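**Student:** Given chain A, work out where chain B should sit, using these hints.
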Amino acid sequence: MTRRVAVTGIGVVAPGGIGATAFWDLLAEGRTATRGITLFDPAGLRSRIAAECDFDPFEHGLDANLCQHADRYIQFAVVAAREAVRQSGLDTGSLDPWRTAVSLGSAVGGTTRLEHDYVLVSESGRRWDVDHTKADPKLHLAFAPSTLASTVAEQFGARGPVQTVSTGCTSGLDAVGYAFHTISEGRADVCIAGASDSPISPITMACFDAIKATSPNNDDPEHASRPFDARRDGFVMGEGAAVLVLEDYEHARARGADILCEISGYATYGNAYHMTGLTSEGLEMARAIDSTLDQARLDPTRIDYVNAHGSGTRQNDRHETAAVKRSLGAHAYETPMSSIKSMVGHSLGAIGAIEVAACVLALHHQVVPPTANYETPDPECDLDYVPRTARPRKLEHVLSVGSGFGGFQSAVLLSGTGGRTR
Amino acid sequence: MSKRRSGRAAVTGIGVVAPNGLSTDAYWKSVSEGLGVLDLITREGCEHLPLRVAGEVRSFDPAALVEDRFLVQTDRFSHFAMAAAALALDDAGLGGEPADPYSVGVVTAAGSGGGEFGQRELQKLWGQGSKFVGPYQSIAWFYAASTGQISIRGGLKGPCGVVASDEAGGLDSLAHAARAVRRGTDVMVVGAAEAPLAPYSMVCQLGYPELSTLDDPDRAYRPFTEKACGFVPAEGGALLVVEDEDRARERGVPVRGVVAGHAATFTGTSRWAESREGLAHAITGALDEAGVAPEEIDVVFADALGVPEADRAEALAIADALGAHGTRVPVTAPKTGFGRAYCGAPVLDTVAALLAMEHGLVPPTPNVFDVCHDLDLVTSHARPAELRTALVLSRGLMGSNAALVVRRGDDSAR
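Protein sequences appear in the order of chains A and B. Each residue of the first sequence is one higher than the one before, starting from -14 at the first, in my numbering. Each residue of the second sequence is one higher than the one before, starting from 4 at the first, in my numbering.
This is chain A alone, in the form it adopts within the complex (with noise of 0.2 Å):
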């Protein structure tokens, strides 16, 4: 017996504004969050440009442990969480602890404090004999990547099943997928999903420079992520989290919480191709969409809106574009498919929960959120891509999809509360 999955809480922390309120008025009104990067001398580098938080610990109430130790990601994770946590009415204290669990993803998790201490150790790259006298004590924090799951989990006393997530760029579709199945199988009533990266440091951005994946546009940042735009170049990295309450439908209802949608459902295939690389046909995403829309037993045609990976890189678009045409057919052209990473870039494994939270809101507000910078239609691309300005639409049945690294293939589908149709 499968049940029901609602979605009871979201928290954002995004470039352009922390918290969901910043992050909707962000896309509802089409701006971009890109710039040059101020977290790091970006100089000798290709690409220079990126989607940061403007984020202190301090102002979102994190105490001073959190603010001195945890990697930023982590202290993204924990404010978006409690912002979630928050807005679901949740009252941790009284929840079953061991049926409360946590699944969130990273794509490459403590990477940059990594990279810092490695500095430190190794005089700048000048021995591979690393001094470990110099590394920080809690450095073992950063190298483990449950730590992610680990402090959030410790935040809200859950001890049911405490996962992370690291899937590539799917990570936060697959992070809000696998607790999707922990609550529609019956292991948890309560899961905290979602992702975070902070990912904006030199080793992340020279090896995407390395195999020109990112936007080399460092004259004009604000333009500079052109999702589906015939001028696109790669995308513009990112950073942030998002979080959401996932909940038993009937444990919500029995507690009187305001039900904001529901997940669906969820798959994900490998492509089997190529580690960075995507074909042209798309067949691997197309399979993941059609599985979820098989376990909501829905018509292709009831599909309101894709929220695209669209990370503005060639083949990512037209694989993207194949895929959604195989799986909806005619209907794809009567469907808008936006990329909010034209406003808030590409945070790697956290992109993919602060798409679902994107979508969370489209059902919310009736609002599909536009693809900014799109001008230039690339024939390869011929779908309806919501050009630069949000658009009002009914919408009951919407779809996040997702590409990674090592062909992660994902999609998870989300239903407003209107409209179900089992």
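Where hints are given, some of them may not hold.
DMTMM-like, lysine to aspartate or glutamate: derived pairs with alpha carbons at most 20 Å apart [as the list claims (entries may be wrong)]: (1) A:Lys310 <-> A:Asp233; (2) B:Lys127 <-> A:Asp26; (3) B:Lys134 <-> A:Glu100; (4) A:Lys310 <-> A:Asp279; (5) B:Lys230 <-> B:Glu213; (6) A:Lys379 <-> A:Asp284; (7) A:Lys379 <-> A:Glu14; (8) A:Lys119 <-> B:Glu50; (9) A:Lys310 <-> A:Glu266; (10) A:Lys379 <-> A:Asp369; (11) B:Lys230 <-> B:Asp219; (12) B:Lys32 <-> B:Glu361; (13) B:Lys127 <-> A:Glu108; (14) A:Lys310 <-> A:Asp369; (15) A:Lys379 <-> A:Asp48; (16) B:Lys127 <-> A:Glu100; (17) A:Lys123 <-> A:Glu14; (18) B:Lys134 <-> A:Asp26; (19) B:Lys32 <-> B:Glu312; (20) B:Lys127 <-> B:Glu47; (21) A:Lys197 <-> A:Glu170; (22) A:Lys123 <-> B:Glu213; (23) B:Lys127 <-> A:Asp114; (24) B:Lys230 <-> B:Asp377; (25) B:Lys230 <-> B:Glu312; (26) A:Lys379 <-> A:Glu319; (27) B:Lys127 <-> A:Asp116.
Simulated from the structure, these hints should not be mistaken for lab results. These numbers come from a predicted model, not from an experiment.
**Tutor:** Frame of chain A; chain B shown alone:
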């Protein structure tokens, strides 16, 4: 998909790359004989570190098992994982490309990533400049590298996943695969292999308060004794092939065991006294899912962290969950002979459990004598016993607890 479905996740293939054996047979020989292979670390650049003893995988020749085009773009942890996956698929009789690529998925657990590769690229970046960072850093260092490469190498397009976890994630990955099989995927390749012994990775581990820094390989890792002084890290791991039991029987391949039950809990980082309740809760949950009574557990593969407070909590958790049976059931921890390979450790324990059931032999706990807890810990020599059901326990340094029940294959047949 096949038509008949048992809903039971059968293990049909095993692949091992461990400090005490580079094949399943070699691993079992070492484990059953209680061979200790912990030794001083020989990896370049580690000589000066205050962590001298580990379980190293030696004489592993990745080029003999993995093609060059994969080797250049991957770290040692992925070499281990790809080699173990290929061994497991061969063992299961699934060596070629699958007829339906979507019918086979991959899930791995990872707790340390591609540290040696990452350190090399960090050295290029900071020593020489950003233009010297190679094109494979973006796909070698991150936790998803092994799942992605196994999927690509085998043409496996089924559900693919990665739990980036502490030790207990190794058991979580097995449960993840078993659930994927129950949801309808024919076959899952699952497990974990780690390579945490590069210099910088070792520096990163020095802060773990549970780490043993004794430099005598025979005395560094002695859980459940008064001499317990922490755990010894290791590299390597194992991958398994898990598939629907009826499908395995249709194919006519031996079922080496069944993943029958799992549960996971969390009780806080390094709060070992509290892990008693969390581990007991996980054991009870795993028994419930498996439909197994406490008295039916024939052997327990312990987490055996080697920290006195944690050892006590584990001994008490076994008693809490299994009742009086908990003090009578044979308990073992073969990993004291070769160390804890993070997420790989409980997968290697699961392999040992499956092989113990096959051979009717509880392997011993090397280097451990004078047990100071109320447990029937098997020491010195393997003990013959009729084994039908095994319980594998794991706790992670960040606070996870997990329990897995595995049953002997032939008993699970209808």
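**Student:** Each hint needs a verdict: does it hold in this structure or not?
**Tutor:** Checked hints:
Simply put, Lys310 (chain A) and Asp233 (chain A) have alpha-carbon atoms about 33 Å apart, too far for the 20 Å limit, and the pair is violated. Simply put, Lys127 (chain B) and Asp26 (chain A) have alpha-carbon atoms about 18 Å apart, close enough for the 20 Å limit, and the pair holds. As the CA atoms of Lys134 (chain B) and Glu100 (chain A) are separated by approximately 17 Å, the hinted pair is consistent with the 20 Å bound. A distance of roughly 17 Å separates the Cα atoms of Lys310 (chain A) and Asp279 (chain A); the hinted pair therefore holds under the 20 Å criterion.
Taken as a hint, the Lys230 (chain B) and Glu213 (chain B) pair is honoured in the structure, with Cα atoms around 14 Å apart against an allowance of 20 Å. A threshold of 20 Å between alpha carbons decides the hint, and for Lys379 (chain A) with Asp284 (chain A) the separation of about 17 Å falls inside it, so the pair holds. With a C-alpha separation of about 19 Å, the suggested pairing of Lys379 (chain A) with Glu14 (chain A) holds against the 20 Å cut-off. Straight-line distance between C-alpha atoms of Lys119 (chain A) and Glu50 (chain B) comes to about 17 Å, which keeps the hinted pair within the 20 Å bound.
About 10 Å separates the Cα atoms of Lys310 (chain A) and Glu266 (chain A), which keeps this hinted pair within 20 Å; it holds. Using a Cα cut-off of 20 Å, the hinted pair Lys379 (chain A) and Asp369 (chain A) holds, with the two alpha carbons roughly 16 Å apart. Under the criterion of a C-alpha separation no larger than 20 Å, the hint pairing Lys230 (chain B) with Asp219 (chain B) is consistent with the structure, at around 13 Å. With a C-alpha separation of about 13 Å, the suggested pair Lys32 (chain B) and Glu361 (chain B) falls inside the 20 Å cut-off, and the hint holds.
Restraint check for Lys127 (chain B) and Glu108 (chain A): the C-alpha separation of about 13 Å stays at or below 20 Å, so the hint holds. Pair hint Lys310 (chain A) plus Asp369 (chain A) holds up; C-alpha atoms about 12 Å apart against a cutoff of 20 Å. For the proposed pair Lys379 (chain A) and Asp48 (chain A), the alpha carbon gap of about 42 Å is over 20 Å, so the pair is violated. In summary, the hint linking Lys127 (chain B) to Glu100 (chain A) is supported, as the alpha carbons are separated by about 12 Å, within the 20 Å threshold.
For the suggested pair Lys123 (chain A) and Glu14 (chain A), the alpha carbons sit about 42 Å apart, so the restraint of at most 20 Å is broken. Restraint check for Lys134 (chain B) and Asp26 (chain A): the C-alpha separation of about 15 Å stays at or below 20 Å, so the hint holds. The suggested pairing of Lys32 (chain B) with Glu312 (chain B) is violated, with an alpha-carbon distance near 32 Å, which exceeds 20 Å. A C-alpha spacing of about 17 Å is found between Lys127 (chain B) and Glu47 (chain B), which places the hinted pair at or below 20 Å, so the restraint holds.
A hinted pair counts as satisfied when its Cα atoms are at most 20 Å apart, and Lys197 (chain A) with Glu170 (chain A) does not qualify at roughly 42 Å. Distance hint between Lys123 (chain A) and Glu213 (chain B) is fulfilled; the C-alpha atoms sit about 13 Å from each other, no more than 20 Å. Between Lys127 (chain B) and Asp114 (chain A) the CA atoms are separated by roughly 15 Å; this keeps the pair inside 20 Å, and the hint holds. With a C-alpha separation of about 16 Å, the suggested pair Lys230 (chain B) and Asp377 (chain B) falls inside the 20 Å cut-off, and the hint holds.
Annotation: proposed proximity of Lys230 (chain B) to Glu312 (chain B) holds, straight-line Cα distance about 12 Å (limit 20 Å). For the hint pairing Lys379 (chain A) with Glu319 (chain A), the CA-to-CA distance comes to about 13 Å; that is within 20 Å, so the pair holds. The straight-line distance between the Cα atoms of Lys127 (chain B) and Asp116 (chain A) is roughly 17 Å, inside the 20 Å bound, and the hint therefore holds.
Hints 1, 15, 17, 19, 21 from the list above are not met by this structure, while the remaining hints are.
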